[in-house]
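Asks: As you go down the protein sequences, you meet chains L and P in turn. Here the first sequence is numbered in our numbering, starting from 1 and rising by one per residue. Here the second sequence is numbered in our numbering, starting from 1 and rising by one per residue.
Just to be clear, a hint being listed does not mean it is correct.
[What the hints assert, rightly or not] These stretches of chain L come out as covered by chain P in the derived footprint (C-beta under 8 Å, 3 or more residues):
#	stretch
1	12-26
2	35-44
3	71-81
4	84-97
[As the list claims (entries may be wrong)] Here are some, though not all, of the chain P residues that point toward chain L, as calculated from beta-carbon distances under 10 Å:
#	residue
5	Glu37
6	Leu69
7	Ser88
Calculated directly from the structure, the hints in this document are not laboratory data. For clarity, every value in this text was computed on a predicted model and none was experimentally measured. In this text, a Cβ means the ideal position worked out from N, Cα and C, and glycines have one as well.
Protein chains: 2
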Amino acid sequence: MTDILRQRPGYALRRAANAMMGELARRLALIDLRIAEASVLLLVERRHDVTASEIGRVLDIQRANMVPLLARLEEAGLIERKPIDGKSQAVLLTPAGQERRARADAITTAFEDDLLARIAPEHRDHLVPALGALWRAE
Amino acid sequence: MTDILRQRPGYALRRAANAMMGELARRLALIDLRIAEASVLLLVERRHDVTASEIGRVLDIQRANMVPLLARLEEAGLIERKPIDGKSQAVLLTPAGQERRARADAITTAFEDDLLARIAPEHRDHLVPALGALWRAE
DNA sequence: GCAATATTGTTATTGTCAATAACTATCCTG
DNA sequence: CAGGATAGTTATTGACAATAACAATATTGC
């Protein structure tokens, strides 16, 4: 059966993202993190004044969806919250969170090296700029 | 807040795919199709001997997940099933399905033209080959 | 031809991520 | 200080995918 969808950029993007996320999820599961959780850890790092809303805006995760995400990280002892004022709270990494973040960083970096290695050299450097143009255009 | 994830290929891929699927979903909703449903219509076209399992293998959708997908398409009068033998059944487009398929084709083609137009010319032709290498490597 | 094996379609359940709407409490601005 | 924006939350929904189990049928290797 000829796969006539194969050359369609939208379809190729969907399939590639799906394959990528599946494999990354498997690797992150080894340190008990989901992809969205690892994203938060990687972003927060050791800053002490980042609010949940701010994280959500950068990662494009809506406030409502940040709640269970941060709750799980907090329950796992990876983040803490400290009130900034009566309305906002800072999210910061616990020592365990920093240690986990380092491991997540190692895993994702290795993973992305593997990803890039699969791409022919002449295409490799064009991927991130091309993807960036797609996602920031809306 | 500096988005240190922005240059990571995995993250860029995830964000781009997400943005793309959101917009494509909105466009396909105009003809009452979801992305996965449109994929099936585009793939099946007018062949008369394609089984559900075969479609699933090509699109990387598992048999179990094909069931509700095809059920919805059948209920919408877009596909029919005809037994091939006691075990397999062929999936084929009804006239309404062929008409809908043509509209889905027009929408997705226009959409992908828009997508490519957002990418700088020097990156454009590298996208599909790079993505193809990512998804077919596993 | 038949037994072991593989495949098809199906049910049911679960998980991940995302979208929407509504609400309270707080903050910021004019 | 009043009006509007913002932060966090709850609850619900949707799309897509993964897993496990099962019955029925087809295919194979002897």
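Asks: Identify every previously stated hint that the structure contradicts and give their numbers, smallest first.
Replies: Result: hints 3, 4, 5, 6 and 7 break, sorted rising.
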